[in-house]
Amino acid sequence: MTTVRMFSAIVAALLHCACTNDSNEIEASAVLNRSVNSAPVSLDPQAYSGSDAEMILYDLGEGLLTIGESGELIGGIAERWEVSDDGEMFTFHLRSNLKWSDGSELDAQDVVRSFQRLVEPGTNSPSAHNARQIKNAKEVITGTLSPDTLGVSAPNARTVEIVLEHPTSYFLQLLAHPSLQPRHDSWGLEAGMRLPITNGAYKVSEVVIGTSIRLTKNEHYWNSSNVAINEVLYHVVDQDVEPIRFVAEELDITDNVSEAYFDKFKDQDPEVLEVAPMLGIYYLGFNLKSEQFQDNLEFRHALSLAIDREELVEKILGRGEIPAYRFVPPGIDGYPNFDEEQDWTQVDREVAAKRLMMEAGIGSHGPIEVELSYNTGGGHERIAAAVASMWRQVLGVNSQLRGEEFKVFIQNVQHGVDTELFRLSWTGDYNDPYTFLQLFESSSSSNFTGYESAYFDSLIHRANAASNPSERQELLVQAEELVLDYAPAIPLYFYVSKHLVNPRVHGWKSNILDVHKSQYLSIQESR
7 MTTVRMFSAI VAALLHCACT NDSNEIEASA VLNRSVNSAP VSLDPQAYSG
57 SDAEMILYDL GEGLLTIGES GELIGGIAER WEVSDDGEMF TFHLRSNLKW
107 SDGSELDAQD VVRSFQRLVE PGTNSPSAHN ARQIKNAKEV ITGTLSPDTL
157 GVSAPNARTV EIVLEHPTSY FLQLLAHPSL QPRHDSWGLE AGMRLPITNG
207 AYKVSEVVIG TSIRLTKNEH YWNSSNVAIN EVLYHVVDQD VEPIRFVAEE
257 LDITDNVSEA YFDKFKDQDP EVLEVAPMLG IYYLGFNLKS EQFQDNLEFR
307 HALSLAIDRE ELVEKILGRG EIPAYRFVPP GIDGYPNFDE EQDWTQVDRE
357 VAAKRLMMEA GIGSHGPIEV ELSYNTGGGH ERIAAAVASM WRQVLGVNSQ
407 LRGEEFKVFI QNVQHGVDTE LFRLSWTGDY NDPYTFLQLF ESSSSSNFTG
457 YESAYFDSLI HRANAASNPS ERQELLVQAE ELVLDYAPAI PLYFYVSKHL
507 VNPRVHGWKS NILDVHKSQY LSIQESR
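By the count of my numbering, the sequence shown reaches residue 533 at its end, each step adding exactly one.
Calculated from the structure, these hints are not laboratory results.
None of these values were measured; they are calculated from a predicted model.
Treat each hint with caution, since some may be false.
[Claimed, not checked] Only pairs whose alpha carbons sit at most 30 angstroms apart, straight line, appear in this in silico DSSO-like list of lysine-lysine:
#  : residue 1 : residue 2
1  : Lys270    : Lys515
2  : Lys360    : Lys321
3  : Lys105    : Lys515
4  : Lys223    : Lys523
5  : Lys105    : Lys523
6  : Lys515    : Lys272
7  : Lys270    : Lys523
8  : Lys413    : Lys295
9  : Lys272    : Lys321
10 : Lys223    : Lys515
11 : Lys523    : Lys272
12 : Lys144    : Lys295
13 : Lys223    : Lys105
14 : Lys321    : Lys515
15 : Lys141    : Lys105
16 : Lys144    : Lys413
17 : Lys270    : Lys321
18 : Lys523    : Lys413
19 : Lys295    : Lys360
Hey, can you work out the whole structure from these sequences and the hints?
Have a look at this one:
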């Protein structure tokens with residue numbers, strides 16, 4: 007077995023007390039051990055939320071299209087497809103040997119029902135926006151039309167037809183997203199129910215609530231002959247513990263690399279460190295329905311200007327993250343990169359922030375306080391504390407920090423319950439600016455700030471209907487500028503993917519979507 011070098015005495019000491027083996031551990035060479043930082047609340051493809059569940063769903067399911075080894079778009083359960091001349095109708099031809107993990111046949115009607123379920127109001131899916139370009143989807147989501155009116159049909163058992171409201175350049179990329187995977191009618195993972203029936207390279211064989219999820223190879227998967235690893239064990243591990251478990255060879259791939267250990271691996275064991283650009287943003291959202299921020303544009307801008315993003319990414323994070331002054335990350339296909347913020351020094355920004363506070367009379371009648379909510383774990387408390395310190399030093403604003411368990415936190419944010427400011431993040435579902443700008447559409451299920459602008463919505467609608475790429479880009483830039491002016495949220499930094507990967511794992515390829523399906527990997531022990 008490949009031995010990962012122990013890089014410091016403190017890690018070696020921690021290993022003795024912090025690392026334990028699973029009681030039902032199997033031969034190490036027969037299982038790929040991966041980690042997620044939070045236990046998924048759900049693995050239902052239409053109802054899940056969070057990147058941890060999404061990572062596992064890429065192993066469990068497969069949509070009409072899927073993500074290839076290098077992040078490229080490839081055929082999934084559809085072996086081929088055609089697009090009409092007007093760009094509004096897509097016809098997908100399913101593979102002939104599709105089965106669910108229980109051996110039953112998967113057909114086109116399964117796909118149709120899953121699409122309908124995604125937009126059905128009763129599902130309350132956080133990902134319903136991924137189907138909004140389909141004909142009648144918006145009306146189904148709002149309950150004004152029934153799910154069976156959605157523009158998805160199955161003329162026969164091997165064909166799926168999708169009709170859009172208007173041409174959408176990124177629509178094919180959407181179809182690889184886990185929320186558009188088919189879901190078996192008999193489902194059950196949550197609340198101790200039976201394990202789900204899936205259609206991807208793997209199936210769930212064991213769940214230890216809050217601890218681990220074991221996947222085994224799905225022998226009924228259409229491409230199972232090319233799946234090298236028989237079992238994948240996802241461990242729920244906080245990112246501060248991941249490096250310890252990795253050095254102990256209890257993990258082959260980590261979900262993240264914490265600030266505390268990043269430099270140690272970078273300096274002493276760089277061959278196991280995988281860092282690459284990715285489509286993701288970390289930001290703070292305002293609850294625009296709260297009295298504190300509803301009609302207080304100057305205050306929102308002042309809070310944004312007072313944050314030293316350079317210090318945040320260098321001293322608090324320090325793993326290659328990029329300061330964010332906008333919402334669309336750099337490197338997205340067909341979208342310009344903006345460098346105008348580099349013309350401002352942090353001193354300039356802080357002077358502007360103080361001027362806004364003074365002109366608006368904010369704090370003139372005594373100390374002002376804001377509440378910043380975040381989910382516990384994952385280093386969010388350190389970020390919140392750093393931001394709070396900057397607000398206090400620059401603006402004299404006091405912050406009440408409130409950490410909550412993820413499930414409670416996300417429910418409060420989604421429903422606008424007792425929140426003022428909250429931390430959020432978003433990783434792009436596909437390589438297009440819209441995956442980030444749709445966070446602010448009034449009808450988006452991922453719009454947690456309450457921002458509503460008919461003009462913004464019209465710009466997005468016109469952009470997505472535009473056939474000319476230059477025209478579309480110009481409209482999307484205008485939409486982003488509109489959001490930046492209104493400041494419903496504060497962009498903090500853009501992500502880079504950060505993983506520790508054991509050299510015995512072969513086939514790892516970094517990509518901007520940070521999708522690494524276990525079926526593309528193999529384990530090769532050193533001799």
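Okay, the hints, checked on the actual structure:
no.: 1; hint: Lys270 x Lys515; result: holds, 23 angstroms
no.: 2; hint: Lys360 x Lys321; result: holds, 24 angstroms
no.: 3; hint: Lys105 x Lys515; result: holds, 28 angstroms
no.: 4; hint: Lys223 x Lys523; result: holds, 13 angstroms
no.: 5; hint: Lys105 x Lys523; result: holds, 19 angstroms
no.: 6; hint: Lys515 x Lys272; result: holds, 19 angstroms
no.: 7; hint: Lys270 x Lys523; result: holds, 27 angstroms
no.: 8; hint: Lys413 x Lys295; result: holds, 22 angstroms
no.: 9; hint: Lys272 x Lys321; result: holds, 16 angstroms
no.: 10; hint: Lys223 x Lys515; result: holds, 21 angstroms
no.: 11; hint: Lys523 x Lys272; result: holds, 25 angstroms
no.: 12; hint: Lys144 x Lys295; result: holds, 23 angstroms
no.: 13; hint: Lys223 x Lys105; result: holds, 14 angstroms
no.: 14; hint: Lys321 x Lys515; result: holds, 29 angstroms
no.: 15; hint: Lys141 x Lys105; result: holds, 28 angstroms
no.: 16; hint: Lys144 x Lys413; result: holds, 27 angstroms
no.: 17; hint: Lys270 x Lys321; result: holds, 15 angstroms
no.: 18; hint: Lys523 x Lys413; result: holds, 26 angstroms
no.: 19; hint: Lys295 x Lys360; result: holds, 24 angstroms
In this structure, none of the earlier numbered hints is contradicted; all agree with it.
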